[in-house]
Every structure is written in C-alpha cells, then in structure tokens.
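Undergrad: So the chains spell out like this:
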Amino acid sequence: MAIRRGRGVAAINYPTGMNLGGDPTQALVHSTPTGNFMVTLSSVDLGQGMKQIMAQICAETIGVPTDRVVIDTADTDTGPHCMGTFASRGTHRAGNAVIQAAKEARQVMLEVAAEELEVNASDLETDGQGNIQVKGAPQRSISIFDVALSAHFKRGRSISGRGMFLIPRSYPEKETGAMKPSTCYAHACTVAEVEVDDETGEVTVLTVKNVFEIGRALNPKMVEQQLVGGSWMGISHALYETTEPYYPSRDHAGTDFNQYLMPGPGDLAETEIIVLERPSADGPFGAKGPGEMCANPQIPAVANAVFDAVGVRIDTLPITPERILRALKAQAAS
Amino acid sequence: MAKVPVQFTLNGSEKAEFVESGTTLLHALRDKIGDTSPKGGCHQGTCGACSVIIDGELRLSCLTLAETCGGADIRTTAGLAEGGVLHPLQRAFLDGFATQCGFCTPGMIMAAKVLLDHTPNPSREDVVEALSGSICRCTGYEPIIQAVLAAARANSQNAA
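Chains as they are written, first to last, in the working numbering: chain A, 1 to 334; chain W, 335 to 494.
Any given hint might turn out to be false.
[What the hints assert, rightly or not] Taking lysine to aspartate or glutamate pairs in the EDC-like style, the calculated list, with each CA pair at most 16 Å apart, reads:
no., chain 1, residue 1, chain 2, residue 2
1, W, K366, W, E351
2, W, K337, W, E351
3, W, K349, W, D369
4, W, K349, W, D429
5, A, K329, A, D198
6, A, K221, W, D369
7, A, K209, W, E476
8, A, K209, A, D198
9, A, K221, W, E476
[Unchecked claim] One-sided excerpt, in silico: chain W residues whose CB lies under 8 Å from chain A:
no., residue
10, C376
11, F431
12, G436
13, L465
14, S466
15, I469
16, P477
17, Q480
[Said to hold, decoys possible] Quick partial rundown of chain A residues pointing at chain W, CB under 10 Å, derived from the structure:
no., residue
18, D45
19, G47
20, Q226
21, S231
22, M233
23, I235
24, S236
25, H237
26, Y240
27, A253
28, M262
29, P263
30, L268
Everything labelled a hint here was simulated from the structure, so no lab data went into it. It should be emphasised that the depicted structure is a prediction, and the values quoted were computed from it without experimental measurement. No residue lacks a Cβ here, since even glycine has one placed at the ideal position from N, Cα and C.
Given only the sequences and the hints, what does the whole structure look like? Please build it.
TA: Right, dumping it as structure tokens:
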C-alpha cells in the first residue's frame, strides 16, 4: 500500500454555438441625445462578462470609448431575439450581431457629422476619444455629443443600427450523415499530475498545466479569470461532481452542499494557464467561445493520470475513491 | 402570531423592526430592511453567501434568528464603502478579478474582513481557512485568496 504518482495528458476541440433550427442572435444599437450608445440584447450576462465584452465590441466598431456604451439585456420578451447564453456562443454570436448593428449606427453618425462639418461622410474618421474629424485635417472636428444633439434636435435622424447574426441550420448529408453541428472550434490541452493512495482510493491533484487556444482574447484579464475558474471546475467534474441527481435514479444522490461536494479553497491544485491567440475567421475581432471549453480537458487528463499512477481505467465520472478501489480489486483478481 | 420588536445597529444606523418569531436575520435584512448584500444561497448554512458580521464575529444570517439580534452591532458588505470610497477588500476583489457572477462575493468579503480584523498579516493558510465556509462556483478560489492577501498588504502599507 502506497501513495502512487501519475501524470496524464489530454487534448480537446470544443465548438462554439449549436445547430438546432439555426443559431441566430440579434442586436439593436442607438444613440442617446448626448451621444452615448445603447446596445439592446436578449443575450444575458451570467457573470461571464457579456456586458463588458459587448461594450468593448460596440465601442471599437463605432469608434468611441468603452464607457460611452451602455448594454441593456433587460428583457427577453421585448428585446431583439437571441437563442440564449449557452453553448459558449455569447461572445461569438452576439458579438457579430453587435458589430453589424454598430456599423450601421456609425454610418448614420458619420452622415450627420458630415452635414455639420459640410464635408463628405467618407472623408471622416473617429478619434476613439469621442470626436469625429476630417481625415488628414483633425482641426476640422466635431464631438459625438454635438453630433447626437444635432441628429436628435436639428436633423431628425436616428443614430441607430440593426444587427443580425445567423448560423443557418445544417442538415445531415443523406449518404454520409455528415453535418456541421457548430462553428469555430476552440482547443485546449492539459497535463495533470496526481497522487493516488492505493489503500484509500483518494486522488490528490498536484498540478494542472493548461494551454487554451481561444481565438482573440477580447479582454485578456477576463479570459484568464474564466480559464482559471474553468480549470478548477474541470477538476471538480473529474473527482467530485456528478450528474447523478438527474438520472437514472436519484435515491442516493446528494441533495445539498453537505452531500454534493465540490473542492474548496483548501483543495486547489497548482494551476498554470497559457493562452494561445489564433484569431478565428468568423468571430468578432477573431474571438471564439472559451466559456465551457476550459472546464473539459482536465477530466480526461486526470483520468489518464490515475491510470498512470495505479494502472486502472476509470470511465465513469466522478472518479471517486470507491470506483478506484473497486477497479484495483478487479485488477488484483484478474 | 404576535410580532416581536427587534432593534439593532446595521452598518452604524439604528434599525427597528417588527418581525414574526422565527424570522431569520437574512430575511429581515433583505426583505424588511432592504439590505440585499447578504445573499440567500442554500438557506441551511452550507454555502456562506449570507455571511454577516455580528458584534465582530462572522455569522450565517440564514441560521440566525432576527429576534436574537437585539442590541447587536451588525455589519454587511453594503456598509463597507465610506463616502463612495471602496473598502480595501472591495478594491482588491475588483482589481484582482476575484468576482465573476458575484453571488458569493459579499460572503467572501465578510469572511475576509473578520480575518483581517483579527489577523492583519495572514498567511495563505489563514486565508484558506477563513474562506473555507464559503462556496464559489466561478473563480476556482485562487483569485479570491490572492485578493485577500493583496488587501492585507495594502492595509499594512497604509498603516506604515
């Protein structure tokens, strides 16, 4: 009986979005009279940072500071349609819709500015600080505040735009069954080191080293936050958590936090995160969906590390001490 | 059933309420007084989201009866900022990206405040121990641990 050490590696591909009856998201953008921009969405911020990212995307497209953009995700009854915040699709689908809407709004904004400055709209550019200026002659400029006032009270224009991003439904080919169930794959690779006590079956994760390829990181600190949390969650899925409450019988399943266990602050493995940025062709500014992907590779990596440590293949999650001991017993018997 | 009068101090302000006997402090704070900073997660004392400070000690407001709090000095996350300036713990959580969905954050900050009040220069182990009664789904805890350590460093620099 001994503590045995093992190392496991796993790599995954993870899709963005899904394929049911098509995968649409809409966005509407309009300016207030003082030149702030409202983005109306039915996509919801669950804490993953949707509002911040959509504000960045809208601001970058229109050419204003991020704090001039307000994201309204208030009401799925009245907002423009979105399939929802799931399948790691929020940044990709809603982001593309926001870009389209913001481009249209920007065009109207430039047209109003052109009338005020008595120039052609195609000769105008934004300075990113809240002003519009003539290309090559920045002294000829007007603030977006004044452009919005002019649009509202003088020109009778609505500085607004509509955005629609749709991944059409993919039907399987009759002969092969091949289809395109999703788009824009993110990738990850994890190496996990574990110690397995072959007397008690307990697994301790020592280190987790993750590399994530997530397209463009639109907000690097928030991406890091998601990946660190996701890596922890992956270990939790591997060793502690279970879908048992849902099927097939929940008679002996955990019903509260006393029984449904998750690793706490005292159970953390030494975690390393490396981000690879390979911008996607169809993502907003190259972004993919790193949301759920980041919690997956740790699971097979831990399972492989357990195999490396004690020579048993556990193919049912979570990898509990009981399952390891049963497998060791079966191995000894055979 | 007759309601019970209860008076206590919440974040420095006198509060007086009539509560039904058996009302939890969490319910009284959120639904009667309107301080929604303590969160109702599990309502059975296992998640820590409802943590508040009563007379200097960390308490689970979901397991504390309001009528037992007469005369108590109760502190919640809503009372930490002074004149619009965030408490060093709030600042450290913000700067360190130690909050994601935010539901556990008030309980984490209350637990950390009690720790720093008693142990201004905690070790990592002290922080882990102090946070161990609070569950977080999003962050993987490490950013929270780092934020508490950063707040302790900021406090000691200000004191020096």
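Undergrad: Would you mind marking each hint as holding or not holding in the structure?
TA: These are the hints, each one checked on the structure:
1. K366/W / E351/W: Answer holds: K366/W to E351/W is near 8 Å, not above 16 Å.
2. K337/W / E351/W: Roughly 9 Å between the alpha carbons, so the hint for K337/W and E351/W holds.
3. K349/W / D369/W: holds (12 Å)
4. K349/W / D429/W: violated (33 Å)
5. K329/A / D198/A: holds (10 Å)
6. K221/A / D369/W: violated (31 Å)
7. K209/A / E476/W: holds (15 Å)
8. K209/A / D198/A: violated (24 Å)
9. K221/A / E476/W: holds (14 Å)
10. C376: Hint on C376/W: holds, closest Cβ of chain A at ~6 Å, below 8 Å.
11. F431: holds (4 Å)
12. G436: holds (6 Å)
13. L465: L465/W check passes; min Cβ-Cβ to chain A is 5 Å, inside 8 Å.
14. S466: holds (5 Å)
15. I469: holds (6 Å)
16. P477: Cβ of P477/W sits 6 Å from chain A, so the hint holds.
17. Q480: With a minimum Cβ separation of about 10 Å from chain A (threshold 8 Å), the hint on Q480/W is violated.
18. D45: holds (9 Å)
19. G47: Holds: closest Cβ of chain W sits about 3 Å from G47/A, inside 10 Å.
20. Q226: Nearest chain W Cβ about 8 Å off; hint holds.
21. S231: holds (6 Å)
22. M233: holds (7 Å)
23. I235: holds (9 Å)
24. S236: holds (9 Å)
25. H237: violated (12 Å)
26. Y240: violated (12 Å)
27. A253: violated (16 Å)
28. M262: Result: holds, 7 Å to nearest chain W Cβ.
29. P263: holds (8 Å)
30. L268: holds (6 Å)
Violated hints, in rising order: 4, 6, 8, 17, 25, 26 and 27; the structure is consistent with all others.
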